[in-house]
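For the protein sequence lines, the chains are Z and U, in the order given. Under our numbering, the first residue of the first sequence carries the number 1, and numbering increases by one thereafter. Under our numbering, the first residue of the second sequence carries the number 1, and numbering increases by one thereafter.
Errors might be hidden in some of the hints.
Unchecked claim - Stretch-level coverage of chain Z by chain U, calculated; a stretch enters the list once three of its residues show a Cβ under 8 Å from a Cβ in chain U:
hint	region
1	14 to 23
2	35 to 49
3	54 to 68
4	71 to 82
5	85 to 98
Unchecked claim - Simulated restraints, written as ranges between beta carbons of each label pair:
hint	chain 1	residue 1	chain 2	residue 2	range
6	Z	Arg97	U	Pro124	48 to 58 Å
7	Z	Gly88	U	Gly139	50 to 60 Å
8	Z	Leu95	U	Leu144	25 to 35 Å
9	U	Gln137	Z	Gly88	28 to 38 Å
10	Z	Leu95	U	Glu161	28 to 38 Å
Said to hold, decoys possible - Just a sample of chain U residues kept apart from chain Z, beta carbon distances all over 12 Å, derived:
hint	residue
11	Asn65
12	Ser109
13	Glu133
Don't read these hints as lab results, they were simulated from the structure. Think of the CB as a built atom: it goes at the ideal place given N, C-alpha and C, for glycine as much as any other residue.
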Amino acid sequence: MLTLNHFLALGAILFAIGLYGLLSRRNLVAILMSVEILLNAILVNVVAIARFNDQAQGDVFALFIIAIAAAEVAVGLALFLNVFRLNGVATVDPLRRMKE
Amino acid sequence: MEAFAPNVLAFYLISAVAIILAILAVTTANLVRAALALAFGFFSLAGIFWLLGSPFVAVLQLVVNAGAIPIVTIFIVMMTQSRFSQLRNPLFAAVALLVAIPLLIAAFSFFPSPATTALTQTTPLTVEALGVELLSQRGAEVTLSSGETMTVQAGTILAFEVTAIILLVAFVGSIILARRESLILKLESGSKPAAEGKAADADA
């Protein structure tokens, strides 16, 4: 028998994997890929809770999450291209000087 | 006996594939391979959405998250010449575990009432019903093609249009940001010439 908890557990595991990638990667593109995994973990949770409560709002919200994630990727990758042009590498290391 | 129902087997198989591919995507040093693992991981997550009874979300997952986003990611991996990425301190796995364990406990204890409902007892959401929910006003009475009338709960037509404008603004913005003679480069040129920044100056 598949229950809501199965899907929530899958979402939690994917969230942890994405968080690990977010913290351990130095390359900006790799960090964005980790953020994508985080977003998909949330997506699994949202759709699962919506289906098990028999509500359509959750699925509608999932569509908005996917659309906003696509916009975020487009803008993020354009920014990373600028970071690469300015510094020669697209990692978080040259961005440290923003702290100074 | 019940543990080997087809949808239970499918869930465990798809979840195992998705989790392994997600781990590969965050640990592989070669970023092209990581993006490929990400694409196939999202591909298998579409199976989860299908299993849940949301075919439209599953198809959108295939088209956008498993199709478009990894392709753009691979493009940018090539353009920023960052095919290989070192990992920082692997101690961060401990942080991820510290977050994951409370999340798992919450997943198994804070949602007790639907946990007694099996997936087979839920009704799948048809694409037509989802479209009516997405593209109507709240409270509207809509007659479906099956003849039954439904009352719109979500009614997100305004949010839908705003999302369309956000996508347009984001894409135009990314084109402007990624232009060779970008405003950011003009502001910073001279202070820190990079490989491509010099080429842009030479062109000008």
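Hint-by-hint comparison with the structure:
no., hint, in the structure
1, 14 to 23, "holds (count 9)"
2, 35 to 49, "holds (count 8)"
3, 54 to 68, "holds (count 12)"
4, 71 to 82, "holds (count 11)"
5, 85 to 98, "holds (count 7)"
6, Z:Arg97 <-> U:Pro124: 48 to 58 Å, "52 Å, holds"
7, Z:Gly88 <-> U:Gly139: 50 to 60 Å, "56 Å, holds"
8, Z:Leu95 <-> U:Leu144: 25 to 35 Å, "52 Å, violated"
9, U:Gln137 <-> Z:Gly88: 28 to 38 Å, "52 Å, violated"
10, Z:Leu95 <-> U:Glu161: 28 to 38 Å, "35 Å, holds"
11, Asn65, "7 Å, violated"
12, Ser109, "9 Å, violated"
13, Glu133, "4 Å, violated"
When each numbered hint is compared with the structure, violations occur for hints 8, 9, 11, 12, 13.
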